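Following the hints, put chain B in place on chain A, whose structure we already have.
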Amino acid sequence: MAIFPTIKILTGLTVKNIKIANRKTSAAGYPMSRARATITKKEFTLKYVYVSSADKATVNAFFDTNQGLSFNLDNPDPTDTTIFTVIFGQDSLDWVYDNQGIGRWATSIIFQEV
Amino acid sequence: MPLDISTNAIIEKNKLTSINVELLLIEVKYQAEDSIYVCLNNAQIVWDGNTYLPAIFNLTGRNETKESEVPKVNLTFTDINRFVIPLLEEFNGANGAVVTVSLVDSKYLDNTTPKLQEILEIIDVTITDKADVNISLGAENLYNLRIPLNRYLKNSCRFDFKSTLCGYAGTETECNRTYARCKELENGTRFGGFPSVGRKGFFS
Numbered sequence: 000m001a002i003f004p005t006i007k008i009l010t011g012l013t014v015k016n017i018k019i020a021n022r023k024t025s026a027a028g029y030p031m032s033r034a035r036a037t038i039t040k041k042e043f044t045l046k047y048v049y050v051s052s053a054d055k056a057t058v059n060a061f062f063d064t065n066q067g068l069s070f071n072l073d074n075p076d077p078t079d080t081t082i083f084t085v086i087f088g089q090d091s092l093d094w095v096y097d098n099q100g101i102g103r104w105a106t107s108i109i110f111q112e113v
Numbered sequence: 000m001p002l003d004i005s006t007n008a009i010i011e012k013n014k015l016t017s018i019n020v021e022l023l024l025i026e027v028k029y030q031a032e033d034s035i036y037v038c039l040n041n042a043q044i045v046w047d048g049n050t051y052l053p054a055i056f057n058l059t060g061r062n063e064t065k066e067s068e069v070p071k072v073n074l075t076f077t078d079i080n081r082f083v084i085p086l087l088e089e090f091n092g093a094n095g096a097v098v099t100v101s102l103v104d105s106k107y108l109d110n111t112t113p114k115l116q117e118i119l120e121i122i123d124v125t126i127t128d129k130a131d132v133n134i135s136l137g138a139e140n141l142y143n144l145r146i147p148l149n150r151y152l153k154n155s156c157r158f159d160f161k162s163t164l165c166g167y168a169g170t171e172t173e174c175n176r177t178y179a180r181c182k183e184l185e186n187g188t189r190f191g192g193f194p195s196v197g198r199k200g201f202f203s
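These protein sequences, in sequence, are chains A and B. Under numbering that gives the first Met the number 0, the first sequence is numbered contiguously, ending at residue 113. Under numbering that gives the first Met the number 0, the second sequence is numbered contiguously, ending at residue 203.
Next up, chain A with everything else stripped away, as it sits in the complex (with noise of 0.2 Å):
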């Protein structure tokens, strides 16, 4: 399984753990709920800036070799080396040049866990 490349350089990060459940309010006015899943999944939104345009070339040819599909993800928490199966949870890249500074890229990835 593909594994997703190490950019540099990683400025921002979103940890979600979704656990969907279900919700209802009764007629009385009690909200009853009940959990819908039995495991909960992450969500990781990776925020990258002052990316080089070598790296923004390895992120674009991974996206395209690997959208639809599943891949594994290093827990970007350096504290945590869990590997996380996931999917793009996004269907473009959205990059941004910055020309004011070292003129380097921006973007920012979500990754589901699957």
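Any given hint could be a false lead.
Stated by the list, open to error - With a Cα cut of at most 25 Å, we get these calculated SDA-like pairs of lysine to any residue:
(1) K23/A / N13/B
(2) K71/B / I55/B
(3) K15/A / P53/B
(4) K114/B / N21/A
(5) K23/A / S105/B
To be verified - A partial selection of chain B residues facing chain A, derived with a Cβ cut-off under 7 Å:
(6) S17
(7) I18
(8) V20
(9) N41
(10) Q43
(11) V45
(12) G48
(13) N49
(14) S105
It is worth saying that the hints were derived from the structure and are not from the lab. Predicted, not measured: the structure shown is a model, and the values here were computed from it. We put the CB at the ideal spot given by N, CA and C, even for glycine.
Chain B alone, transformed into the frame defined by chain A:
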């Protein structure tokens, strides 16, 4: 038929909030083929010795109409990888396959008595060009059955040519099911029609 569920399950059912998941499990059994086990969950479940793989599907409630149609349940899913569609085509739409739908509690998976269980049969399958599969589950419609099974015809044999009931073992390859042809093949004593039935029908 009401099931004898455990006290724990009754308590769980009556809670307003719970971490336990009511898992919908489906077993599909087609003739002598291996069963398919799937569950509506994001992880696999082991229940009653079988491993149910996670799947995304939708199961509608029982559908009853004023037209007195046989009630049925619709099982729909998208076969995005086209794993199931070839099987449905290979096995003639899997008509007649037995589908067992069970509702179990994720906390009491060691209890082999489900909260609810329905045993249904695949009666119709529709596949769209976008790989959406719609399976109708229900019971066989008795109005579609031929009752009585056999018709009493004066000059038409009921038996398939060279079948066990026909008994003909000669070299001929065709039979038009008439008594004349049966006598010609020297098999008249096993003729499967009813030559003495009158011409005017049963009520005359």
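Checked hints:
| no. | hint | result |
| --- | --- | --- |
| 1 | K23/A / N13/B | holds (14 Å) |
| 2 | K71/B / I55/B | holds (20 Å) |
| 3 | K15/A / P53/B | holds (21 Å) |
| 4 | K114/B / N21/A | holds (18 Å) |
| 5 | K23/A / S105/B | holds (20 Å) |
| 6 | S17 | holds (5 Å) |
| 7 | I18 | holds (5 Å) |
| 8 | V20 | holds (5 Å) |
| 9 | N41 | holds (4 Å) |
| 10 | Q43 | violated (9 Å) |
| 11 | V45 | violated (12 Å) |
| 12 | G48 | violated (18 Å) |
| 13 | N49 | violated (16 Å) |
| 14 | S105 | holds (5 Å) |
When each numbered hint is compared with the structure, violations occur for hints 10, 11, 12, 13.
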